[in-house]
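Enquirer: Sequence:
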Amino acid sequence: MSSAPHDLLDAAQIWYGQASALYSLGRYRAAVEKYDRALAADNGHCDAWAYRGYALGELQDYEAALESFRRSLQVDPRHALSWYGCGIVQARQQHYQAAVQSFDRALALTPEDFAIWYNRGQALMRLHRYHEALDSLDRMIEQAPDSHRAWYHRAVTLAKLDQYHDALGSLDTTLTIKQDCHYAWTYKGFILKLLQRFGEALACFEKSLRHKTPNASALYGKAATYAVQGKDDVALEQLQAAMTVNPQVLQVMTHNDPGFRAVAATGVFQHYLQTVSIPAAPAESGISAGEFLE
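At the far end of the sequence shown sits residue 297, using my numbering, and the numbering has no gaps.
No lab work stands behind these hints: they were computed from the structure.
Because the structure is a prediction, the values reported are computed rather than measured.
Warning: the hint list may mix true and false statements.
To be verified - Straight-line distance between alpha carbons at most 30 Å, and here's what the computed BS3-like set of lysine-lysine pairs gives:
no.	residue 1	residue 2
1	Lys181	Lys210
2	Lys163	Lys210
3	Lys163	Lys215
4	Lys234	Lys163
5	Lys215	Lys181
6	Lys215	Lys234
7	Lys234	Lys210
8	Lys163	Lys181
What the hints assert, rightly or not - Cβ-Cβ distance ranges computed for the label pairs, FRET-style:
no.	residue 1	residue 2	range
9	Glu70	Ala268	16 to 22 Å
10	Lys215	Leu62	26 to 32 Å
11	Gly233	Gln254	23 to 29 Å
12	Glu70	Gly233	40 to 46 Å
For each residue, glycine too, the CB sits at the ideal point set by N, CA and C.
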């Protein structure tokens with residue numbers, strides 16, 4: 004409980020309200036300035052410290068964001084939103100073990116918050132702790148069964164555990180919920196290719212392309228499917244198209260295609276890898292906005 008005088012508490016709430024409005028508009032730097040004004044009036048304003056941390060995180064000022072969350076937790080060690088914010092920032096810094104610990108602290112206080120379960124699962128996947136990640140995603144699905152993202156990442160986790168048929172089941176659920184989820188169609192194609200169900204795989208890549216164009220991942224998928232069947236000419240044509248869209252697609256697929264090793268062993272891919280200069284893929288940047296729920 005803050006000990007600031009009532010007039011300062013009132014001023015802090017006014018500044019906090021203005022900051023919150025700016026935050027909701029995505030004007031994070033301006034929001035931080037207003038949060039600072041609120042905290043100048045009441046430095047025990049736990050939510051102001053917390054949302055200041057979230058705004059700083061959006062500005063990629065991660066150390067300052069963590070310090071803001073720590074200040075919030077000094078005021079209230081049971082402030083789940085601040086523990087969650089720590090986890091988000093730590094994941095973006097690729098400090099995944101610390102992120103899991105922060106998510107665990109948040110879940111001890113708010114076990115019903117499905118977004119925390121989801122992001123905990125994402126961090127555990129980065130640590131290759133796939134069984135734990137699967138448990139975490141299942142906890143989210145219990146509370147949010149219509150989350151196509153959760154079902155998709157459940158499928159990816161199952162594939163990491165070589166449970167390909169179960170992964171297909173989760174992908175089918177993903178696509179029942181969101182029929183135009185292009186990356187789910189692509190990943191389903193990867194699994195079907197691995198299972199040598201080539202016609203079905205190609206149909207999935209075509210559906211992915213229908214929902215997103217240009218689409219380097221789906222074009223790569225077509226190239227890979229043709230290559231493992233020995234259809235080198237059409238494989239090369241599709242691979243060149245994929246590389247035109249994204250020159251780094253092969254680097255990305257070494258991590259994303261569970262059957263990449265077999266693809267890389269084909270003649271067309273070996274020749275291409277030897278004769279074409281491929282830019283290095285960027286380092287993994289942590290949990291991306293596309294995967295991440297705040």
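Enquirer: The structure should be examined with respect to each hint, and the outcome stated for every one.
Expert: A quick look at each hint next to the structure:
1. Lys181 / Lys210: holds (13 Å)
2. Lys163 / Lys210: holds (24 Å)
3. Lys163 / Lys215: holds (25 Å)
4. Lys234 / Lys163: Given pair Lys234, Lys163 holds - Cα atoms ~28 Å apart, limit 30 Å.
5. Lys215 / Lys181: holds (14 Å)
6. Lys215 / Lys234: Since the Cα atoms of Lys215 and Lys234 sit roughly 25 Å apart, the hinted pair holds (cutoff 30 Å).
7. Lys234 / Lys210: holds (21 Å)
8. Lys163 / Lys181: It holds: about 23 Å lies between the C-alpha atoms, which stays within 30 Å.
9. Glu70 / Ala268: 16 to 22 Å: violated (49 Å)
10. Lys215 / Leu62: 26 to 32 Å: holds (29 Å)
11. Gly233 / Gln254: 23 to 29 Å: Distance hint for Gly233, Gln254 holds at roughly 25 Å.
12. Glu70 / Gly233: 40 to 46 Å: Violated, since Glu70 and Gly233 (Cβ atoms, about 58 Å apart) do not stay within the stated range.
Checked against the numbered hints listed earlier, the structure breaks hints 9, 12; every other hint is satisfied.
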